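A.B. asks: Residues per chain are reported as follows:
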Amino acid sequence: MIVRNKPNAFQLFFILRGSIVPLIYPQIIFVTLLGAAVAAGHYYYPTLFPSFSLPPLALLGIALSLFLGFRNNASYDRWWEARKQWGQLLIDSRSLSRQITGYVDGEAEGGAAAQRRMIYLTIAFNHALRHQLRKTEPWNDIEKYLETEDIDALRQSRNVPDALLRLMSKKLGNCRHKHLLSEFLIQTLDDRITSMAEVQASCERIQNTPLPFAYMLLVQRTAYFYCFILPFGIVTSQGFFTPLFCAIVAYTFFGLDALSEELQDPFGIAPNDLALSAMSRATEINLLEILGETEFPAPIEPTNHRLE
Amino acid sequence: MIVRNKPNAFQLFFILRGSIVPLIYPQIIFVTLLGAAVAAGHYYYPTLFPSFSLPPLALLGIALSLFLGFRNNASYDRWWEARKQWGQLLIDSRSLSRQITGYVDGEAEGGAAAQRRMIYLTIAFNHALRHQLRKTEPWNDIEKYLETEDIDALRQSRNVPDALLRLMSKKLGNCRHKHLLSEFLIQTLDDRITSMAEVQASCERIQNTPLPFAYMLLVQRTAYFYCFILPFGIVTSQGFFTPLFCAIVAYTFFGLDALSEELQDPFGIAPNDLALSAMSRATEINLLEILGETEFPAPIEPTNHRLE
Amino acid sequence: MIVRNKPNAFQLFFILRGSIVPLIYPQIIFVTLLGAAVAAGHYYYPTLFPSFSLPPLALLGIALSLFLGFRNNASYDRWWEARKQWGQLLIDSRSLSRQITGYVDGEAEGGAAAQRRMIYLTIAFNHALRHQLRKTEPWNDIEKYLETEDIDALRQSRNVPDALLRLMSKKLGNCRHKHLLSEFLIQTLDDRITSMAEVQASCERIQNTPLPFAYMLLVQRTAYFYCFILPFGIVTSQGFFTPLFCAIVAYTFFGLDALSEELQDPFGIAPNDLALSAMSRATEINLLEILGETEFPAPIEPTNHRLE
Amino acid sequence: MIVRNKPNAFQLFFILRGSIVPLIYPQIIFVTLLGAAVAAGHYYYPTLFPSFSLPPLALLGIALSLFLGFRNNASYDRWWEARKQWGQLLIDSRSLSRQITGYVDGEAEGGAAAQRRMIYLTIAFNHALRHQLRKTEPWNDIEKYLETEDIDALRQSRNVPDALLRLMSKKLGNCRHKHLLSEFLIQTLDDRITSMAEVQASCERIQNTPLPFAYMLLVQRTAYFYCFILPFGIVTSQGFFTPLFCAIVAYTFFGLDALSEELQDPFGIAPNDLALSAMSRATEINLLEILGETEFPAPIEPTNHRLE
Amino acid sequence: MIVRNKPNAFQLFFILRGSIVPLIYPQIIFVTLLGAAVAAGHYYYPTLFPSFSLPPLALLGIALSLFLGFRNNASYDRWWEARKQWGQLLIDSRSLSRQITGYVDGEAEGGAAAQRRMIYLTIAFNHALRHQLRKTEPWNDIEKYLETEDIDALRQSRNVPDALLRLMSKKLGNCRHKHLLSEFLIQTLDDRITSMAEVQASCERIQNTPLPFAYMLLVQRTAYFYCFILPFGIVTSQGFFTPLFCAIVAYTFFGLDALSEELQDPFGIAPNDLALSAMSRATEINLLEILGETEFPAPIEPTNHRLE
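Chains as they are written, first to last, in the numbering used here: chain A, 21 to 328; chain B, 21 to 328; chain C, 21 to 328; chain D, 21 to 328; chain E, 21 to 328.
Check the hints yourself; a few may be wrong.
Same chains, same label: a pair holds when it works inside one copy or across any pair of copies.
Claimed, not checked - Here are the simulated SDA-like pairs of lysine to any residue, each with C-alpha atoms no more than 20 Å apart in a straight line:
#, residue 1, residue 2
1, Lys190, Gly312
2, Lys26, Gly259
3, Lys198, Ala128
4, Lys26, Val124
5, Lys26, Gly288
6, Lys155, Arg24
7, Lys191, Asp125
8, Lys191, Ala56
9, Lys104, Phe260
10, Lys26, Asp285
11, Lys155, Ala267
12, Lys198, Ala267
13, Lys104, Ala290
14, Lys198, Arg24
15, Lys190, Gly126
16, Lys191, Pro230
17, Lys191, Phe316
18, Lys190, Glu313
19, Lys26, Ala94
20, Lys191, Ile171
21, Lys198, Glu321
Worth flagging that the hints you see were computed from the coordinates, not collected in a lab. Small disclaimer: the values here were computed from a predicted structure and weren't measured.
Whenever a hint applies, use it, and build me the whole structure from the sequences.
C.D. replies: Okay, here's the thing in structure tokens:
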């Protein structure tokens, strides 16, 4: 995630970090060169190119806008839903911890230990979900929050976050057997675990189900067709300004396309993706504070305007 | 579902799998030939065609975009809602299994068997719903998860997934009679079954209620009118490039139309439809792991970039 | 609801059933004749009509598209929400029946009768709601599912479906007095009844609150203005093709308008309205099967591609 | 709310009630006169006005459509959400009454009186909320449903509907003390009261938070700029038809703007606002019928196609 | 928030408060001056500037509208969701207070004090959340509602509103130990606290996750490109009216952009941001009235049409 204040009008044109330009400069350069070639050809052999008029471009432009606009909305919705799911995870993590410290009897035998274990598992779930979504190894982040006998079983599991939730249910069952919690309150806490399962499955849905592939083909093919035709359509009226126009139009259309591509998979590590590391660290600190611990890991700060 | 990485600019124009072109090439060819005929006619008899100007085309183009855009949004919403319902099914399947292993007493007499039966029925429901939506026979996939005495009754039923849910309720009632579960927790588990009934009815709604037929007529008629008129409108300015333009415009408009058609019925087996087989298999493996079984069927992998 | 496969390109232009053309042919004919008259006038007296240029039409066209697009979205949303409410009714009917057969003790004295009565009332509610929404008499469909002493009271009621829900609550209360159900499970079943009350009130909301009347006026007035001006605007460039253009444009704009009109009141019996009869019959059969009955009424099939 | 059948094509142009024309005729007249003046000036002094071409108008037109379309969507969403909240209020009122008559023991001492009091308070809440939203005095409508000792306390309150809900909670507490209701069912009934509090706060939100003021400025300023420039832009091509065009364009743009203005505050008494009086009266009758009373106030009928 | 009646047509053009003009006048002036310079250059050296035609501008204009429209919708959704969250907070605050006064036994020993403490904490949460979102110090507003021994612990906390919710849970636990509340009703009250945690986390989500930075770059760069090119594109047709057009176009595009910027961060103190101070004060008064107190702080009134 890019975190920076609004740049002024001069900075605006020279910001690259967070900009989509680095992803699309080959296309922009290509279209600009094409525009320059067409303009040069038109200058030396004015009759070389047929006198395209612009209107057919406008027809294509309408279709292209329709496709780009739709795809952008759908991608942004995925990105924002992903963010909402992580917001829900924060709600569930905090509320579960609040309820555990409030309603599991901390002064009974084993009560304080049971509280710590449940909250540690909640922290581990936050990290494990992030690692699952980014396809990285979770063990460095979560081992310190697990009991040794559980680690081996977890390493066998194909789906670590889901196994952690089952472990939480099991610990909850233990609390009930030790009469640390009534059956009634078990249900209340179990609701939070179910809600965390919902967050996980929703994130998996967004990750595993891209937008239908055919949209990408439709959008990109139309965008290429459009930019190939564009210089021929405007060269008679714009002359040597043709490449400039081509560059600007290519920037806007390919730029929106590339941004949609980036946002539709919001759990990655591209500049505009979600700051999952910072979020799971913040939740970790929050939950350790609820437990009453006094040493916290450092929050993750943006480096170079970028928060991972 | 098509699963492949972003193609480069050259591949982009030659991908057919997942593309919508195979469905609409007759229209594209027809419109291109019409464009060629009009261009030829115009060349030999320049006065043959009235000097249509383009603007009326723009008027029609606005209407057509309105129709296509609306229909595309509605179809995509159906597709995405269908995917969300299957995501909900995964949530319910996992949570029900977690609750069953956590709260049904596995060490009491008959407890472990009751757990296995309930989770097996959940797996069967996943497969049966897929087969119902695709109108295929479920028995190969589900028989191994059913008890012999139940199979006959299920074969009589007009709606197998619904009958499976009722069977789950019955098994739950048995657990209560055998004191494997308190009435309080019965309610918690029953909530999951109700939620699975919701998933089923929502999928049936999407399957049985197509977009109003009149939309299809409006969109397709307008698209045909538009493409019939197009070559006459642009031939005076574009000359022999007319067929090229016609082909591109036909591709964009008929392509979006055909894609909307494909997505509005998301449970089929067209390339951009949902990968129900892969999803129900993944749930099956997940639930068997929860049960502690060690032999799993193989997950379904994409063949030729396509996941069923 | 129109149920038919995708027609081929030739059929497409000759389908009337489900098409919106029968509703708007007067407008299409009128605009076509106007176009013909203007074209003839222009031919004989070329100076008769001022040389309108097209651009002002484009300005009006933008406004008209804005209005039509908005109204269409709003109408479709009403139609789809109505369909969702009936989907919810199916969920509630099935789940209530499942819970009744599962949790009301069928082997206790009066248990089986109580089950049958509750499920019969659920079927009656489905039919009664349909009749209320279509303003027809429900008695033929529901009398066989009611006890004689209840029929008179129901006939006095101003709102039969609502009275049926109250009757269900009363029967539920009786079950509790006879100890057929615990107070805890009463609440679970009562949730379903409340949800059915929600379906009813939402359907009433859609039925009783049309889109603000002023939208209809804005859309239709603008559409008429537009079509009156259109032939004057295009006659100089299109000549004798003017009436053809006018007909196509009138078809698209008035067609979308008429379809929006039809969908905004989704409970009627117009071709694109919801198939309430088929849905309530399907629920009836489903619930009778749950009860274990063996004789079912016949499902309602589409006649002539049309399902009521 | 305007309630009338679809007018025919002739009536369409002469309907004023529910139309937005009475609100915007000054602007229409002004723009028409301006158009006439410009046309006259152009006729006598053809060189007086610079030869504006139309395209810059199209640029402004795009921006204006964007603003108007957005504002209209936002206003309609507010209107429809307001209607949904009142639909929810009907659901809650009916369900609460159904539950009260079903589960509060009417044959115990004080039971029937407790039922009547609770349902009377529900009716009073419906009326009081309407009066609060319309900033009128509720006492005429609600006094007959209150006990004398409660009226004085209510008159002190700054927020009568909220105080009524608290009164309902208090009566519910009394029922519990008198053992007319178990604690378990108290919770069920309290859920309904919380839901009514939700309806109230949502209505207050819509009423107290208008759309950001800056939108209104942006829309209206752009609309005025546009209509001031319009006649100069079209006078060379349209001549003496300029005022006609100006009038139609002003009607569409100012009309949509005025309608958005009216709908964004849906609780008022403008023609297209919600029929709160009719709705609260209908709920009153419905609830009195549930109580078994036999004398009802008359339902409110539309006067002159208008329902308040 | 700006609170004022609809201005008349003359006032409309001179309102600055709430208008977006003060934020964008540098851009408007710059574009106007550029337009003037181009117009002057064109007048003295008519061949100086290439004869740009307008159509390429239209192409850019479509892209720009797409970007602006999308960004505006997304920002407004954030603003309106933020408002809904604060509406939810009002619902929770009122309902929690209603339930506390209704179900915590006020006549038992310590009951009245427990009621007051819980409601005071609810008021404090409202103020603390506002201060957290505006990054100001909460102590002046909340100290009077806290017990002395709690203040120190709260001052240590990194997240005051979250700590307040935990304190509420703790007080609730105390009530349970003192038998002022059954475990069953604890759950009901705890639901409200969880809902308040949801409000907090949702507000934090909106505050901490801006729209992807790349959108801002795309929109602003395109808007600048557009306005730089505009005067060259229209100078041949508009002559000395070029600067006027440039000013109006710059006003509409930069204006919508600046408004989107303002609304996307709805918790600030810009003129169109939410009136958090007024809302939390109104809730404070409402809750003190529920407690039966008789002295209230003064409600916050708009100063100069502006409500903070």
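A.B. asks: Now tell me, hint by hint, if it's right for this structure.
C.D. replies: Outcome of the hint check:
When the C-alpha separation of lysine 190 and glycine 312 is checked against a cutoff of 20 Å, the pair qualifies only between copies, where the shortest distance is 14 Å, while the shortest distance within a copy is 24 Å. Proximity of lysine 26 and glycine 259 under a CA criterion of 20 Å is satisfied in neither setting, with 36 Å inside one chain copy and 35 Å between copies. Both within a single protomer and between protomers do lysine 198 and alanine 128 lie at most 20 Å apart by alpha-carbon distance, with minima of 10 Å and 18 Å respectively. Taking the shortest alpha-carbon separations for lysine 26 and valine 124, neither the intra-copy value of 47 Å nor the inter-copy value of 51 Å comes in at or below 20 Å.
For a Cα distance limit of 20 Å, the shortest separation of lysine 26 from glycine 288 across copies, 15 Å, qualifies, whereas the shortest one inside one copy, 25 Å, does not. Taking the closest pair of Cα atoms, lysine 155 and arginine 24 come within 20 Å of each other only across two copies (17 Å); inside a single copy the shortest separation is 28 Å, beyond that limit. When the C-alpha separation of lysine 191 and aspartate 125 is checked against a cutoff of 20 Å, the pair qualifies both within a copy, at 14 Å, and between copies, at 14 Å. Taking CA atoms no more than 20 Å apart as the test, lysine 191 paired with alanine 56 passes in neither setting, with 69 Å inside one copy and 74 Å between copies.
Within a single copy, lysine 104 and phenylalanine 260 get their C-alpha atoms no closer than 49 Å, and across copies no closer than 52 Å, so neither meets the 20 Å cut-off. For the identical chains of this complex, lysine 26 and aspartate 285 are inter-copy neighbours only, at 13 Å across copies versus 25 Å inside a copy, given an alpha-carbon limit of 20 Å. In the homo-oligomer, the alpha carbons of lysine 155 and alanine 267 never lie at most 20 Å apart, since the shortest distance is 37 Å inside one protomer and 43 Å across protomers. For the homomeric pair lysine 198 and alanine 267, neither the shortest alpha-carbon distance inside one copy (71 Å) nor that between copies (74 Å) is at most 20 Å.
For a Cα distance limit of 20 Å, the shortest separation of lysine 104 from alanine 290 inside one copy, 19 Å, qualifies, whereas the shortest one across copies, 25 Å, does not. Proximity of lysine 198 and arginine 24 under a CA criterion of 20 Å is satisfied in neither setting, with 51 Å inside one chain copy and 52 Å between copies. Taking CA atoms no more than 20 Å apart as the test, lysine 190 paired with glycine 126 passes in both settings, with 19 Å inside one copy and 12 Å between copies. Taking CA atoms no more than 20 Å apart as the test, lysine 191 paired with proline 230 passes in neither setting, with 36 Å inside one copy and 38 Å between copies.
Taking the shortest alpha-carbon separations for lysine 191 and phenylalanine 316, neither the intra-copy value of 25 Å nor the inter-copy value of 27 Å comes in at or below 20 Å. With identical chains, the CA atoms of lysine 190 and glutamate 313 are at most 20 Å apart between copies only, with a shortest distance of 18 Å across copies and 24 Å within one. In this assembly of identical chains, lysine 26 and alanine 94 lie within 20 Å of each other by CA distance solely across copies; the values are 18 Å between and 26 Å within a copy. Within a single copy, lysine 191 and isoleucine 171 get their C-alpha atoms as close as 15 Å, which meets the 20 Å cut-off; across copies the closest is 34 Å, which misses it.
Taking identical chains as interchangeable, the C-alpha atoms of lysine 198 and glutamate 321 are never at most 20 Å apart, the minima being 42 Å within one chain and 45 Å between chains.
Comparing the model with each earlier hint shows violations of hints 2, 4, 8, 9, 11, 12, 14, 16, 17, 21; every other hint is respected.
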